[in-house]
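Colleague: Residue numbers (our numbering), protein chains in the order written: chain R, 1 to 114; chain Y, 1 to 632; chain B, 1 to 342; chain X, 1 to 353.
In short, the hints are calculated from the structure, not lab data.
Computed from a predicted model, the values in this text were never measured in an experiment.
No residue lacks a Cβ here, since even glycine has one placed at the ideal position from N, Cα and C.
Hints may contain errors.
What the hints assert, rightly or not - Which residues of chain R face chain X? A partial, calculated answer using Cβ under 10 angstroms:
id : residue
1  : Phe4
2  : Tyr26
3  : Ser28
To be verified - Each computed DSSO-like pair below joins lysine-lysine, with the alpha-carbon atoms no more than 30 angstroms apart:
id : chain 1 : residue 1 : chain 2 : residue 2
4  : B       : Lys274    : X       : Lys15
5  : B       : Lys188    : X       : Lys2
6  : R       : Lys3      : X       : Lys15
7  : Y       : Lys65     : Y       : Lys169
8  : X       : Lys281    : B       : Lys166
9  : X       : Lys253    : B       : Lys113
10 : R       : Lys71     : B       : Lys166
11 : X       : Lys335    : R       : Lys3
12 : X       : Lys253    : B       : Lys244
13 : Y       : Lys439    : R       : Lys30
14 : X       : Lys151    : X       : Lys50
15 : R       : Lys71     : B       : Lys244
16 : B       : Lys113    : X       : Lys2
17 : B       : Lys255    : R       : Lys30
18 : B       : Lys149    : X       : Lys253
To be verified - Chain B stretches covered by chain X per the calculated footprint, using a threshold of three residues with CB under 8 angstroms from any CB of chain X:
id : stretch
19 : 55-69
20 : 225-237
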Amino acid sequence: MDKFGFAISQQRQIDFEANRRDIAEYISEKEPSFRVCIECGCCAATCTTGNFTPFSLRELLILLKRGENDKVRDNINKCMLCGKCTLVCPRGVNTRNVISLAREAFQDRIKNAV
Amino acid sequence: MQFDPFIIPFNIGLYFILIYAVVRSVMWFRDLSKQDKLRLQRGFFGRSFGQSLKEIFMESLLHRKIFKTNFRLGYMHMSLAFGWFLLILFGTLEADIFGSSHLNAPYKAIFFKYFNPDHGRAGFEAVWSFVMDFLLAVILSGLIIAIIKRLYSRIVGMKKTTKLRPLDKVALTSLWMIFPSRLIAESFTSGAYGTGSFLTGSLGSWLASFLPAHEMAYPFWWLYSLSLGTFFVLLPLTRYMHIPTELFLIFARNSGITTGDKAGAFTDIQTYSCSSCGICIDACQLNFSTGITNIQSAYLLKGIRNNENVKDIAFNCLMCGRCDQKCPVGIELTPIRMLRRRAGETEHVEKSILKRYFPDKPSFNPVKVSEKPSFDFLPSSRPVKADVVYFAGCMTHLTPSIRNSMIKILDASGVKYKFIDENGGVCCGRPLMLAGQDKEARELINFNSKLILKSGAQTLVTSCPICYKVFRESYYLDIEVLHHTQFIKNLIDEGSLKLNFMRKKVVYHTPCDLGRGSGVYDEPRDVLRYVSRLQKTDFDNENSLCCGGSLGNMKISYKQKQIIAADAAARLTKDNPEILATSCPLCKKTLAAATETKVADIAEIVAEAIMLPNLMKEKSNPMLIVKEPVTI
Amino acid sequence: MKKHVIVIGGGPAGMEAAGQLIKNGYDVSLFEKDKTTGGHLNEWFKLFPDRRAGSEVLDYYKNLISGKDLKIINSTVVEKVGQSGGSLTVSTKEGIEHTADAVVIATGFDLFKSTRKEEYGYEIYDNVISSADLEAMFRKGAVITSEGKTPKNVGFVHCVGSRDEKVGNLYCSKLCCITAVKQAIEIKEHVPGTKVYCFYMDMRMGGAYYEELYREAQEEWGVNFIRGKVSEVSESINNRLIVKVEDTLAGRPLKMELDMLVLMAGMEMSEAGKKLASLTGLKTGDNRFFSPADHHYGSNRSNISGIFYAGACTMPMNITETISHARAAVADVIDYLKDSKR
Amino acid sequence: MKIEGKRAIWSEYQKEIADDKYYYVRSCIRQNFFPGSEVAFLKIMREELKKDVHEHPCHTTCSGIGYHGDVVPVETAMTVVARQFALMTEAGYTNYVPSCITSFGLYTEVLETWHHFPDVEQKVRQQLKKATGREFEVPKNLAHASDIIFKFRKEIAAKAKYKLINKNTGEPLKVVDHIGCHYAKMFPSKGVGGAEYPYVLAGMVEEWGGEVIDYPERRHCCGFGFRQYLVQANRGFSVACSKEKFESMQPFKPDMIITNCPGCPMFLDRWQYVINEMEGKRYGKDGEGIPVFTYEEVAGLILGYDPWDLGLQMHQTDCEPVLEKMGIDYNPDMKYEINGTITKVNSRVSLSI
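Could you build all of it, start to finish, from the sequences and the hints given here?
Modeller: What follows is the structure, encoded as structure tokens:
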């Protein structure tokens with residue numbers, strides 16, 4: 001591709017139309033509290049995993065909602081499910097269930113793919 | 001030779017169920033692990049045999065435990081089980097004593113009246129008939145309660161999780177028909193011959209007054225036999241399978257077999273031993289605080305038996321263990337649920353009749369998202385040396401006053417310790433296990449184990465019962481693991497912690513994972529008694545409530561948790577204590593938000609009670625402290 | 001003899017002030033530039049946060065002045081208030097003068113003209129509409145695109161004409177956020193299957209039950225909120241709107257196709273108010289609204305004695321605040337007329 | 001799309017453009033990329049419109065390319081600009097007409113700066129005086145060369161031999177107008193039609209019979225961006241910009257692109273070739289490219305100038321499809337005629353860019 005000594009840069013933009021948002025819809029249906037997140041970041045601030053590695057539940061939840069699923073799938077397993085985020089969430093989001101549902105949804109999609 | 005064709009259905013049913021019970025028992029035995037087989041053999045031929053017989057009598061027949069919790073329910077179960085047992089016993093004796101021969105085939109006892117219609121006119125025979133009628137009356141009274149209970153639960157709109165399948169309906173109908181058909185058959189025969197005692201005799205003579213009793217009796221004897229036969233044949237397909245299975249369970253349990261963390265024949269036996277009595281539903285806080293009535297253990301086991309997808313049921317549970325404590329059959333409900341969580345989603349399969357008589361072993365394949373390790377980002381741990389290591393736990397970091405109190409106590413007691421997760425540690429792994437992710441949990445367990453072992457400590461102290469349970473059960477640490485309440489108790493006993501007595505009225509809330517989960521009931525209460533005026537509540541020890549904050553439940557909303565917490569707090573603070581004490585950071589946080597009463601961890605109460613001389617050597621004073629290097 | 005008070009503007013503030021003044025026994029004349037009183041309230045279908053009908057508040061005003069001797073002069077623009085001796089002279093555009101002992105200015109606000117945010121293509125792209133246009137759709141009971149179809153994806157742009165130096169408005173109009181939330185819910189009510197996205201800079205949910213409504217929008221109606229201001233709008237070959245926004249919390253630019261885009265127009269000092277200010281010599285602030293004598297304890301008084309302010313001519317206000325502000329103005333008028341020695 | 005809405009905005013962005021006596025300054029890079037364009041401009045102005053257009057031999061770069069490439073500080077740039085103004089003043093002209101969009105942007109920026117900070121202007125005056133001994137007057141009128149053509153678009157249409165109309169179908173050609181970023185994005189009020197919906201090229205296209213396409217990425221930069229293409233490692237970003245535009249305009253099936261900036265036609269033209277080489281993708285009809293023109297070339301074409309005199313053979317994306325559609329009478333064999341001899345050039349030679 002780098003015929004001329006460079007390659008054409010890839011889009012960084014989230015293409016909302018092209019993305020699959022079915023995982024977010026699945027979670028939202030099973031755990032309605034997923035919808036009331038206001039992205040305050042309290043979860044990420046207290047996160048046990050976030051103490052060791054750049055892991056932000058807030059970011060992952062947004063990416064899920066936008067259908068940017070790859071990054072979520074690559075990172076969601078870093079969660080230890082310790083539940084601190086659930087305790088500090090000002091909106092009462094059942095974060096642990098959201099994560100479990102996300103894992104489940106990815107699992108199902110992997111199954112379907114096979 | 002006394003014979004009539006109507007006995008054939010009964011005979012088929014009886015011999016079928018006897019053979020089936022033997023075959024199924026052999027299959028279960030075969031599926032047990034090697035150790036468990038050995039245990040069962042020793043148990044069966046050993047001392048626990050007597051214990052098992054006693055238990056069978058007390059529980060399977062008399063239903064003592066159900067009696068204890070619910071008299072009406074207990075009577076119902078006892079009248080049906082013990083009543084029927086006695087009816088068979090007395091019937092057999094009757095056939096033996098008054099029949100034409102000794103050691104009769106079972107049907108002769110069952111249909112004794114048909115073959116000996118003249119029996120029971122006077123004297124000893126009449127007394128015996130009276131006893132038989134009395135037993136029948138007892139059973140029928142139990143049956144009436146059962147029918148009322150069933151109708152009532154429909155009237156009040158309690159939802160059944162699964163619809164009755166056609167075979168279930170047939171089985172249930174046949175069960176309900178057994179005793180009424182016997183009553184009517186015996187009554188007609190008695191009416192025709194002028195025999196029978198207070199029940200069959202009176203009913204018989206009344207029926208005979210306007211019906212041709214002699215002709216009417218025969219079809220009802222057929223019905224009686226058919227009902228018995230049908231019930232016996234269909235029994236393995238219904239929840240009444242619990243009757244034979246429970247016998248096996250009692251022997252297995254008394255031989256020392258436990259559920260453990262692997263599925264197997266014992267789990268299977270327990271699953272089939274549930275009689276769906278509903279006591280677990282009554283014990284469940286999700287039921288009595290939030291009105292969730294379709295996820296309790298009875299439904300879980302029913303779903304597993306029916307091969308349904310029980311994932312949502314499995315995860316909607318506080319894992320508090322209240323039902324385990326109350327289960328009259330002694331099924332290890334919470335461990336079975338844990339196994340089910342690990343299995344994740346299972347597809348519902350409608351099984352063939354044959355498969356339902358001889359089900360496959362339930363598969364418990366854990367959910368795997370990826371083969372990659374999940375936590376390879378964790379840093380390699382640097383060793384710290386200490387006699388005692390203190391692991392606060394994630395939840396304790398959200399309740400800094402507990403953490404600070406523990407530091408104060410440790411400093412005051414002069415123990416040489418290291419605070420290994422001072423700057424935020426790695427989760428103990430139990431939350432992942434509760435979510436069914438054992439493989440991932442194992443990674444965290446390995447990480448923490450290394451950290452603890454490298455410290456060379458002899459004692460591990462934690463403030464969190466969740467951590468405590470998993471440290472004890474799933475970590476292979478060859479050191480003493482103590483919850484801080486136990487540790488404080490030791491310090492007081494040794495005399496290294498001098499405390500003032502505070503005249504405060506305190507009640508104690510036992511955290512689920514510390515109490516029912518780990519069996520630690522006494523030490524926290526001892527410590528509290530040492531420093532305060534500990535009061536009783538209706539929910540002490542094994543009967544303690546869950547605070548509602550449980551990490552075990554993945555499904556309920558925050559609002560529902562709040563309701564459970566408020567309900568629990570209200571019940572615990574009924575007598576207006578000054579402090580609602582607990583020994584779990586999560587319980588403290590949850591309860592504190594749900595009550596006006598001051599909620600405090602035992603560590604906080606103790607830290608406040610430390611005598612001044614102890615405090616003199618307090619090392620946590622920022623002016624005196626020598627900063628240690630970061631430990632993680 | 002009764003003292004004469006002239007109220008300029010027949011919106012909620014003016015009506016409230018006039019009604020309360022009549023109650024207190026004054027001779028009151030109300031000048032309204034439009035054919036009818038009611039102001040912007042006439043255009044609003046439902047009000048936040050309880051989504052009651054706007055007409056209910058209009059009915060309240062009807063009751064407030066019914067049977068009272070209030071002189072309403074419609075279709076008349078007041079241009080200037082002059083001082084002569086102890087009394088005030090109110091001059092209309094036609095040059096007719098009216099004398100008054102006190103004047104209450106309640107000229108309210110103008111909705112920001114969305115064409116000024118050129119990049120959003122208001123009045124260029126068919127399905128870019130303003131919040132007021134959407135209210136008109138609600139009143140008609142039909143939320144449809146220009147092609148007459150039911151929109152499947154609807155976006156809301158918050159802060160159009162507010163907090164935007166490029167259009168000269170540094171201030172927050174305060175009501176657009178909650179209006180967007182209210183309208184988002186109403187869209188879901190009208191067209192249940194529609195997906196709604198709100199593009200916001202900050203969610204300013206300061207009023208009573210605003211935050212609760214925001215939560216309701218998320219939880220019960222599934223309205224999506226994306227933090228980031230739309231930078232540009234264009235039209236695809238299929239006549240769908242393409243919006244570009246940065247999802248600031250994801251840290252990534254985002255492109256989305258919509259069937260309808262609603263611009264949450266902010267509030268500006270009314271044109272009539274501006275003219276009145278300059279001809280009368282009333283002070284205005286950097287935000288161009290009337291500048292009250294004191295922001296804390298003199299928010300109804302002007303720099304000219306005898307002239308008072310009521311409502312959104314001093315700053316963006318909701319109906320509740322407008323009514324309270326108008327009542328406070330009446331208190332100031334009463335106080336003023338009692339003290340004056342005439 | 002409501003065209004009235006656009007017209008309303010266009011009417012708000014009127015700009016004063018001088019009608020004669022122009023001091024014309026050439027662009028550094030256009031002279032190399034599309035030398036025919038500036039020649040065509042002069043020819044149209046002088047011969048068709050009979051205007052006085054002055055060119056000064058001492059004119060140098062305005063330094064805008066260095067300024068935007070972060071190598072020339074603003075004060076230096078201002079002093080260079082001041083020298084150009086001094087040359088204009090010395091020549092006795094007051095209407096300054098740059099050929100380059102970046103120059104136009106820089107001149108506008110400098111004039112605005114001086115307007116708001118007169119002390120800066122004084123300082124620049126002193127510096128120029130010290131360095132060159134020259135003095136200058138600020139131009140009375142600053143207009144980009146495309147503004148001038150816009151102003152006389154009707155006069156040119158009146159003389160036109162061809163229209164932007166497909167001869168075969170009678171339908172207007174679909175034209176993408178691409179405005180250089182520095183034309184109005186920095187100072188919207190200085191551009192005809194403003195920055196959001198610029199009218200300068202759209203006005204010409206409309207007048208000359210074409211139909212302007214409004215496609216989603218019309219605002220996007222061509223990818224020139226100075227810093228981007230100058231550094232080889234950044235060129236991928238430059239191509240990506242052009243590519244985004246092509247992807248966006250493709251569904252509208254444009255017949256051609258018209259531009260008013262030095263860099264835009266260069267990059268929109270050359271990157272089509274590069275994208276095709278790297279990804280095998282073309283954006284025009286039937287696997288062709290989309291021809292890219294400067295506004296002078298388009299004006300020249302409709303006035304009937306020979307395509308090869310206009311330098312259309314310098315384009316990497318072939319222009320012939322548009323010539324065919326317009327029905328222009330041209331000799332394909334003369335495409336590469338140099339000094340009377342036809343040289344065969346393989347246009348597919350892989351260039352090192």
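Colleague: Flag every earlier hint the structure violates by its number, smallest first.
Modeller: 2, 3, 6, 8, 9, 10 and 19
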